[in-house]
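A.B. asks: Following the hints, complete the assembly by docking chain B onto the known chain A.
Going line by line, the protein sequences match chains A and B.
Here our numbering is used: the first sequence runs in plain steps of one and ends on residue 259.
Here our numbering is used: the second sequence runs in plain steps of one and ends on residue 460.
Just so you know, these hints were derived from the structure itself, not from any lab.
Backbone N, C-alpha and C define an ideal beta-carbon position, used for all residues, glycine too.
With a Cα cut of at most 20 Å, we get these calculated EDC-like pairs of lysine to aspartate or glutamate:
# : chain 1 : residue 1 : chain 2 : residue 2
1 : B       : Lys407    : B       : Asp133
2 : B       : Lys336    : A       : Glu217
3 : B       : Lys336    : A       : Asp216
4 : B       : Lys336    : A       : Asp233
5 : A       : Lys218    : B       : Asp332
6 : A       : Lys218    : B       : Glu333
7 : B       : Lys336    : A       : Asp212
8 : A       : Lys218    : B       : Glu335
Selected chain A positions facing chain B (Cβ under 7 Å, derived; list incomplete):
#  : residue
9  : Gly177
10 : Gln223
11 : Asp233
12 : Arg235
13 : Leu236
14 : Ala255
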Amino acid sequence: MARFRMPGPLRRLSNGEITVEVSGADLGSAIVALDERYPGFRDRLLDEKGDLRQFVNVYLNDEDVRLGSGLSEKVAEGDEISIIPAVAGG
Amino acid sequence: MCFGPLDAVYDYASLKKIVTRERIESGPKSIWRYRDLLPVEDSTPVVTLGEGFTPLVKADRLGHELGLRNLYLKNDSMNPTNSFKDRVVSVAISWARSQGFETMACASTGNLANAVAAYSARAGLECFVFIPVDLEPQKVVSIGVFDPNLVAVRGTYDDVNRLCSQLVESTPWAFCNINIRPFYAEGSKTLTFETAEQLGWKLPDEIIIPVASGCQFVRHRQAVRELIDFGLVRGDRVPALTGAQALGCSPVYNAFKSDEPEKVLPVRPNTIARSIAIGNPSDGIYVNRIALETGGVVEAVTEEEIVDAMRLLARTEGIFTETAGGVTIGVLTKLARAGRWRGDETVVAYVTGHGLKTADVLASANGHGRRVEIDPTLKSFREKVNL
Chain A
170 MARFRMPGPL RRLSNGEITV EVSGADLGSA IVALDERYPG FRDRLLDEKG
220 DLRQFVNVYL NDEDVRLGSG LSEKVAEGDE ISIIPAVAGG
Chain B
74 MCFGPLDAVY DYASLKKIVT RERIESGPKS IWRYRDLLPV EDSTPVVTLG
124 EGFTPLVKAD RLGHELGLRN LYLKNDSMNP TNSFKDRVVS VAISWARSQG
174 FETMACASTG NLANAVAAYS ARAGLECFVF IPVDLEPQKV VSIGVFDPNL
224 VAVRGTYDDV NRLCSQLVES TPWAFCNINI RPFYAEGSKT LTFETAEQLG
274 WKLPDEIIIP VASGCQFVRH RQAVRELIDF GLVRGDRVPA LTGAQALGCS
324 PVYNAFKSDE PEKVLPVRPN TIARSIAIGN PSDGIYVNRI ALETGGVVEA
374 VTEEEIVDAM RLLARTEGIF TETAGGVTIG VLTKLARAGR WRGDETVVAY
424 VTGHGLKTAD VLASANGHGR RVEIDPTLKS FREKVNL
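Just chain A, with the same shape it has in the complex (with noise of 0.2 Å):
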C-alpha cells in the first residue's frame, strides 16, 4: 500500500482526510484506485488525455515525478505521494 497526501483544496474529495492509503503497481494505477475509493479524484488530477494536469504537482518520496516516468512510476510499499498545486513561486 501507498500514501497519498492530500492538500487542503482537495480533502473535501477525500472526506476530510490527509492521507489516503491505496494499492497500485504505479502512480497512474494508484490515482484509479484512489479514484474509485474517493470519486473525483481522477478529473482533477488528470486531464482528458490522462496526463497530470498542468498546475498539479506529484511528488513519489519528495521526487517530482515530472523529473521521472510520470505516470508510469513505479509505487512500491510505504511510498508516499504528496500532491501538491503549482501555484507557488517566483
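C.D. replies: Frame of chain A, contents of chain B only:
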C-alpha cells in the same frame, strides 16, 4: 474547487473615472503612485522603503554595439534591497499586515528573501525565509542582517517551494509567493507602468524580461492591458513581450521551442543565474502563450553568455547587474546579433538585480578587469601602465 493560480480583480468601471496621468504624476516617486491599480485599499498604511521609480536609462553605447538606436534599460537594481522584488514585497506586506498577518514568509532564490526580510523589519513583523542551502554567500549576508528566521533547505529552489507549499497549510503565515501570491504578483505591474510613464506615456516596441516562475512576465501583460484600457498611453499597440532564461534552467524556453509550447516540463536547475533558477515554473505556459500572442519570443543563453553580458553591460553602460540581468542582456544581445530588429525600434530590457549579489561569478573569472600592481613610484607606474 480551484487548483490553479488566482488573480486580483478590480472595479475597473469605478477606477476609470479617477485614474489619469495627472493623478499618477502627482503621486509619490515610488510604486505607490500607481496605488489605484494595486490591490491595497486606500485607507491601508503601506510598508515602503521607497521602492520603484527606478531609472530608465537610454543605453546608447550598448545600443551602438547591438545596432539598436532606441535601447533602454530599466535599472531595477536601484531598488532598496537592489532587486525587482521590493516592488512585489511592498505590496504583499502592506496587504498582509492590513489583514492581520503577524508573520511574513517566503520560498526564495535569494532576492525575494532579501526583500521580505527587509520589509518585515521595516513593518515590525516576524519573518521566516526559506532558501536553498547553497545560495550565494553575498545574498545570505544581505538577508541575515535583517535578522529573520533563516531556514536553509538542503535542496533546490523547487524543493524549498514544495516544502513551503506544504507548510502553508499548517502555519498562520503569509507566504508572499504562495498563499498571498495574487497580491504579491500585482506589484510586478509597476515596472511596466513606470517604463511607459518614463517613455512619455508610450509603450515600447519590445520588452525583454527574465523568466523564472513566469509570475512577473504575466503581470507585465496585464500592466500593458491596463495602460491601454485606462487611456494612459497613446495608441493600443501591445509591445512584444520576450522572455529570457538561462539554458541551465530553461523549462519555458524548451517548451517554446517545441511543438507544444503550453506543455512546460520541469527540469533540474544547473545555472549560475540562481535567482531565476526555477525548474518547475508555475506560470510557464502563460509566458509562452503571451510571448506568442504579442509577437515576442522566449530565448535562452549559456553560462558563458551570461557572464559576457554582465561584462558588456558594465563596460558599455556602467551598470553592474547580477547573473539574472546577465541572462536578460545576454538574450537581448543574442537576438540583436541574430537580426531580430531593424535598429529603430524602441526596445527595453528589464535589469532586475544588482551585480554585488552574485559577484562570485566574476571573481572566479578574473573579475578585476585590467588590473596591474605597482610600487608607489613613477618609474613603476610607467613600466607597468601603457598610456
